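**Student:** This is what each chain is made of:
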Amino acid sequence: MTSLPQSTQKKLGLAIDLDTCVGCHACVISCKEWNTSNYGSPLSDMDAYGAEPSGTFLNRIHTYEAKTLERAAQVVHFPKSCLHCEDAPCVTVCPTGASYKRSEDGIVLVNEDDCMGCGLCAWACPYGAREMDVAEGVMKKCTLCVDRIYNENIPEEDRVPSCVRTCPAGARHFGDFADPDSNVSILSAERGGFALMAEQGTNPVNRYLPPRPKADISGSGQIGVPATALGEETGGAKGFLSWLDKALEKI
Amino acid sequence: MHPAPSVIIFTALSGLGFGLMAWLGFGLPAVSGWSAFTFFFVAYALAVGGLVASTFHLGNPKRAIKAFSQWRSSWLSREGVLAIVSLLVIAVYAIGVIFLNQRWQIAGWAGALLSLGTVFTTSMIYAQMKTVPRWNTPLTPVLFFLYALAGGALLAGQTGAAIMLLIVLCSVQVLAWVLGENSFARAGHTIETATGLGNLGRVRLLESPHSGPNYLLKEMVYIVGRKHAHKLRVIAIFLMGLVPVAILTLLPTNHYMAAIAVLSHMAGLFVSRWLFFAQAEHVVGLYYDKR
Ligand code: SF4
Ligand code: SF4
Ligand code: SF4
Numbered sequence: 030m031t032s033l034p035q036s037t038q039k040k041l042g043l044a045i046d047l048d049t050c051v052g053c054h055a056c057v058i059s060c061k062e063w064n065t066s067n068y069g070s071p072l073s074d075m076d077a078y079g080a081e082p083s084g085t086f087l088n089r090i091h092t093y094e095a096k097t098l099e100r101a102a103q104v105v106h107f108p109k110s111c112l113h114c115e116d117a118p119c120v121t122v123c124p125t126g127a128s129y130k131r132s133e134d135g136i137v138l139v140n141e142d143d144c145m146g147c148g149l150c151a152w153a154c155p156y157g158a159r160e161m162d163v164a165e166g167v168m169k170k171c172t173l174c175v176d177r178i179y180n181e182n183i184p185e186e187d188r189v190p191s192c193v194r195t196c197p198a199g200a201r202h203f204g205d206f207a208d209p210d211s212n213v214s215i216l217s218a219e220r221g222g223f224a225l226m227a228e229q230g231t232n233p234v235n236r237y238l239p240p241r242p243k244a245d246i247s248g249s250g251q252i253g254v255p256a257t258a259l260g261e262e263t264g265g266a267k268g269f270l271s272w273l274d275k276a277l278e279k280i
Numbered sequence: 007m008h009p010a011p012s013v014i015i016f017t018a019l020s021g022l023g024f025g026l027m028a029w030l031g032f033g034l035p036a037v038s039g040w041s042a043f044t045f046f047f048v049a050y051a052l053a054v055g056g057l058v059a060s061t062f063h064l065g066n067p068k069r070a071i072k073a074f075s076q077w078r079s080s081w082l083s084r085e086g087v088l089a090i091v092s093l094l095v096i097a098v099y100a101i102g103v104i105f106l107n108q109r110w111q112i113a114g115w116a117g118a119l120l121s122l123g124t125v126f127t128t129s130m131i132y133a134q135m136k137t138v139p140r141w142n143t144p145l146t147p148v149l150f151f152l153y154a155l156a157g158g159a160l161l162a163g164q165t166g167a168a169i170m171l172l173i174v175l176c177s178v179q180v181l182a183w184v185l186g187e188n189s190f191a192r193a194g195h196t197i198e199t200a201t202g203l204g205n206l207g208r209v210r211l212l213e214s215p216h217s218g219p220n221y222l223l224k225e226m227v228y229i230v231g232r233k234h235a236h237k238l239r240v241i242a243i244f245l246m247g248l249v250p251v252a253i254l255t256l257l258p259t260n261h262y263m264a265a266i267a268v269l270s271h272m273a274g275l276f277v278s279r280w281l282f283f284a285q286a287e288h289v290v291g292l293y294y295d296k297r
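Protein chains in written order, with the working numbering: chain G, 30 to 280; chain W, 7 to 297.
One chain only, chain G, in its complex shape (with noise of 0.2 Å):
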């Protein structure tokens, strides 16, 4: 069971926007809410209203912040869940087969009747991308909510993914990779989508798509400057400001 198929037909994933993420959270708090109510073992949280809560998440978001010495600093938001590599690295460490790799769509899951707990997959796993559950003692994992994409019982429109669905920024696409036309994959050409970690020999599904260019706002006079930035100086003033200002001054 833990030896990865050779190919799968489908390779479902997720392509994440960092141009338009922004930073909100909402996907967390869905993902946890629709997995800890649904396939497997609740999402438990530990201590969660003393002084050192934690808890259980497939889904987090971190926030960068990248700079040159020449522009200014631009902030990321970093939105992180399984990646579902074709090489899963956290598949074949597995000793009791509780880990798998889908054949026919590429989701990786995790069989919680077999896990024994061992911490050897999220150790294997690059992205950080799977916690154990103190509570249960078996491992957590994004499921690409396999529960609802194949879902008949819901309304069509809510068959993807919880945290796609939620996004109010419409920063998670999810598609199929292995189909050259898809939506993600066209997004993914079109904005050069790139895999995590890639030196890692992972194969990540997932993709990301880079944040598009700022303007340079560094030098003086431009547009989208801020009051402020200009400081006291008027000189540039023309026209009715000019001449607000010269009467302003002889006041």
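Keep in mind the hints are simulated off the structure, nothing from the lab. It should be emphasised that the depicted structure is a prediction, and the values quoted were computed from it without experimental measurement. Careful, some of the hints might be misleading.
[As the list claims (entries may be wrong)] Partial pick of chain W residues on the chain G-facing surface, computed with a CB cut under 7 Å: (1) L64; (2) A70; (3) G202; (4) R208; (5) P215.
We put the beta carbon where it would ideally sit given N, CA and C, even for glycine.
Given the coordinates of chain G, work out where chain W with the ligands should sit on it, guided by the hints.
**Tutor:** Coordinates of chain W with the ligands only, in the frame set by chain G:
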């Protein structure tokens, strides 16, 4: 990585136990009767004790039996299978020498090789982890072999071999520490490759995804006590190598001295194994701007 006592005890004791078993299986020393019983008892106590300790860190120990199923792909599963097979094969040999005054050398040799195979599979659980560059090197299995053989020789009373192996062990351990210092940088992982944002400039974490601790930080971004690493290395080499070698070469051989040499070696082994985990940096730390 979090230096959990259960994994330190597991790798240290089972390594010693299987190391001793290998020497006994090779017929060194060629003991029989009660004396053989004592040697095999110690070997089994260490090996089985270590294996039992390893189940303490499981979230669901009752499912540990399933861990024997995935030997085709998983080093941890192979380790479990080989450990049990080694214990059974050596048991056949042990019964012969203890009770029947028979030396079934085939079983002895097979058991010895299987024991060393077990040590190798244990080492590969760690050496296979690309996510932990300090472990991801052929030196990891070499070191685990040397720890097992040197400690086993000490326990088996093979003075000459123990002295040589302890010296080699300490040298290779120092080499591994030195090479380990740059292993993370050599592997080429940075916060820029982790996030893919390097083309925007230098990346740093502006805000953590969670305000409290989580499993990832506790398990894989353990940094407590690393500042003492240098002193602990000196202590480890002193206790596991210098003291036993000095005792074996300079002092008269008797059981008390041998016991002190063994205890000193074990103390050093535990210190070194603590460092093996505590100093190992996992790439996931990059997402937290920590190592
Ligand atoms: S992101 Fe981690 S948990 Fe998910 S498939 Fe890849 S290695 Fe496994
Ligand atoms: S924690 Fe569970 S899923 Fe992960 S490697 Fe261990 S048994 Fe397999
Ligand atoms: S796909 Fe489902 S399980 Fe995965 S991060 Fe999104 S909501 Fe969570």
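**Student:** The structure should be examined with respect to each hint, and the outcome stated for every one.
**Tutor:** How the hints compare with the structure:
no. : hint : result
1   : L64  : 5 Å, holds
2   : A70  : 5 Å, holds
3   : G202 : 5 Å, holds
4   : R208 : 6 Å, holds
5   : P215 : 4 Å, holds
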